[in-house]
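As a plain string of letters, each chain reads:
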Amino acid sequence: MKDWIEFGCGLIGLLYLAAVGGAFGGRTRQHRFYFWSNWGALAAGVVTVVVALLVLVTGVDWSATFQGPLAWMQLTFRLDGLAAFFLFTLGLLASLVAIYALGYECHITRSVAIFQPLFLLSLTGLLAASDILSFLFFWELMSLTSYFLIVAGSGGGPKKAGFLYLMMTQFGTAFIMLAVLTLAAGSGGTSFAGLNTAGMAPAWRGALLVALFIGFGTKAGIVPLHIWLPKAHPAAPAPVSALLSGFMIKAALYGLLRFVGFFQTEAWFGALLMLMGGISAVLGILYAFMAKDFKRLLAYCSIENMGLLFLTAGVFCWGYALGNGRLTGLALAALEMHLLNHALFKGLLFMSAGALLQGCGTVDLDKMGGLIQRMPQTACFTLIGCMAGAGLPLVSGFVSEWLILQMLFLAALLAPLAWMKLIVFTGIGMVALSAGLAGATFVKLFGTAFLALPRSPQSRAAREVNRQMRLAMGLAAGCCLLLGIVPWLGWRLISFSSGRLGRDGAVASHPVMAGGLFGEVSGQLAGILAVLAIVALTVWLVRRKLAWRTGTTWNCGATLQPSMGYTGTGFAKMGRLAFGFWLRPQRRVLRPAAEHPLFPGPLEYRSQLPSHFEERLYRPGARLLLKVSAQVRRVQAGSIKLYLGYILAVLVLLLIYIRWF
Amino acid sequence: MADFLGIGFQWLFGLLLAPVLGGAIKLAKARLQHRQGPPLLQPWYDLMKLFRKRMVLSGTTSWLFRVPPFLEIGVALGLLLVVPGPFRAGAAFPFGADLVALLYLMALARFFSALAGLDAGSAFGGMGSSREMTLAALIEPGLVLILFLLGFKAGSLSLNPLFHWAAQDPGWILSPLHLLTGVAYFMLMIAETGRIPVDNPDTHLELTMIHEGMILEYSGPFLALINWAAWIRQYLFFSIFIQLFWPVPAYGGFPGPFLSLADFCLKLALVGGLVALVESLLAKMRLLKAPRLLWAAFAFGVLGLLTAIF
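Listed in order, the protein sequences are those of chains A and B.
Residues 1 to 661 in the working numbering are what the first sequence lists, from first letter to last.
Residues 1 to 310 in the working numbering are what the second sequence lists, from first letter to last.
None of these hints come from the bench; they were simulated from the model.
Don't take every hint at face value.
What the hints assert, rightly or not - One-sided excerpt, in silico: chain B residues whose CB lies under 10 angstroms from chain A: (1) H34; (2) L57; (3) L64; (4) G220.
Don't be surprised by glycine CBs; every beta carbon is placed ideally from N, CA and C.
Only chain A is shown next, with the shape it has when bound in the complex:
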């Protein structure tokens, strides 16, 4: 079995490299190069799924070591339960996106075709990495390739967004490097197997944990480190956005889980993760509710979901700290379920954003409407994605939110101290608020894009997209439905994975996971399905009696105009006011001087939401940085003699240090 896994891993790498080669192959039509690159990525994605399933089902931990010419040049790889589950999600999403991209045309350039397989390769390598050097190598490869993918979109927007992304991701990487290299120095080796914090002072351990949180939190888009995410993800072409939002930000979660496992986790760190995760969930979905651009809304929604995942990871760390395997196991199960759910539905929704761009020509919610008649299949798949995003029953979203809430409830019951219970209940309130807002957000997303009358010429002229794109969206929607209606499928997958985190016995013993709880949700869904089936039967029987004639929408006697339907901005108005204490919406009504008092001229209405984090946190920070660098620049006067002097001074100081300390 090990041989097969090894063969598969090699095959994945080769296929991705072949896909990069494929990008150079085509010459005739405009998107030809993307075609071959995608077939390569599709094959690699399928092999990835197979390899991950092999690892999960057989329970074999595959590992391999590559020795370089020098002793320290050693790259080790290892696939355990956790890595394999992430790998499975990645492979599934990558194959779906590859099918989709076969038919996708907007903003695809050769650089997308080159960097997308490399990006996927770097993610695969990251998940398999088992020592600090290869982890950091693939981490940086991922950051750089994703940068090139983001700036591949047309216009100046992606360039700016890409620069911000690069800044933020390097900021985060600096913290990660600091933390993991210190960890390695403390444990005397770079291999994951030898990492531990046994000899460290608690304060130092705490500082490292915070550095890890900042580093991975930046990549994951946790508030207040999130500002790059809503700019970078919408800027990229749709298949790339699906990969970035669907998986890349989860690589940060993977890294966090991986490295936190090497610490003797402390309870306060779990509380920190829970609080920051909860805040991200609420603020992310609140901003998503306010967004008027389809892709931007989805990007903010990703912040929400990463928040939920971090909250769950917080409980996971807590379970460790308390030594409670039940809690740890349940938290990990909820985390993995939500991870899979989010990868599927966010991939699906970004794909439908691309479908809208291709079929309708816009992603501005205020300019859409009526698309359910013109793009019926896309509408149907998007609806399933929206239901999953809102966590509604019958799709995968419910199962994962159910698990998260049950897990929090268990945490409240098991928490030994009052402040812990308080934090857990805060988490419960935040999850509930974000779930409620997610419902409103997805009603807004689907309702204003697909329902009512078309509000612009583009959406009047919209047409259904091609077969490949519909196939990919349909498969993703099918997966969401499958996981929602037959939840024990996902459950099997998770139970393969989370039993073997590969550290200590804490996770291995979790009676909750053995069946009871999940049997319950399956039973409930079966009951719900039975009731709905009875209703459907009744409907079918009384159908003949339900006759109707078609009329026009009641509009107080006036003719219905497309402009009368609610726009995305209009739909969010009530929310904007209800949460005005935080959002502080600014609006201005411009009233140009009328020619006659009885015939007023047109009014102009402007409304915008200030970005608190940019104005209060990042602008002052950037200003401070500029000021400091202006001072520092004095040192760099351009004179060779001065620089030689610096070198001499440093040398002397070093010699003094070595001699006396």
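Please arrange chain B on chain A, whose structure you already have, making use of the hints.
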């Protein structure tokens, strides 16, 4: 066997009584205002009439518009089946009414109704949907907090053990937690069932309506199904309120079930009367102030939390 008979009877009782409860509140309100008021069974007469009518559907709408009536009634009837009622017989099912499933099923029905509100393309529907979804988002944290808090005290998130705990524990009624969460639940219940001061169920003015705005385009049997489902949902909320905060004691022996039923009906009538009194005393709140009421309910919940854990 007896269990299933009990469940069946409880289910029939709920779906028949739910509209009557709506009629009773209307009647009580009319009497409080020195009006004669409609007959007690008026909601049933309305339903019967609507079921016989032929529908008009807007030509702007899509298939999505025809889903919510069935989904709403399906969810309402399904929940009626699993939420323990006056006989507390729900335990006979292999699946209990889990709080999370309960709330999310209601959210499912609401999600599709809100979409249907947008489907017809008029401003009324969109307005109703927007308001309904925003208010629901504000109601949800309070409701979840309170119910989870009670579940935390009872040690389970299933309604059956929760109700048992509330009925068995004599100290529960006298605890500050009971008062705080009870008040919060009552406020949220009023908002959730669309009553004054948050929503006015009797008018169709665009200034006041929330739920009514969403369903403005429905007629005939579809409207009947939606109204019926709304009444059942109201009945469920009242029933949960009674069983949590004013529990029906377990009567043993032969007349026991009938005593329980009578006790339950009496309490239902009293809670309905209380709601009617609130509706008569208060004016409809300005919509933009409704969130404050919900935040206040949430604050009660938080206070309850503090008393529960410290």
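Here is what the structure says about each hint:
1. Below 10 angstroms, beta-carbon pairs count as interface contacts, and H34/B has none with chain A, the closest being about 34 angstroms; its hint is therefore violated.
2. A least Cβ separation of about 5 angstroms between L57/B and chain A falls short of the 10 angstroms threshold, and the interface hint therefore holds.
3. Nearest Cβ of chain A to the Cβ of L64/B: about 7 angstroms, under the 10 angstroms cut. The hint holds.
4. Restraint check, G220/B versus chain A: the minimum CB separation of about 7 angstroms is within 10 angstroms; hint holds.
Hint 1 alone, counting from the list given before, is not met by this structure.
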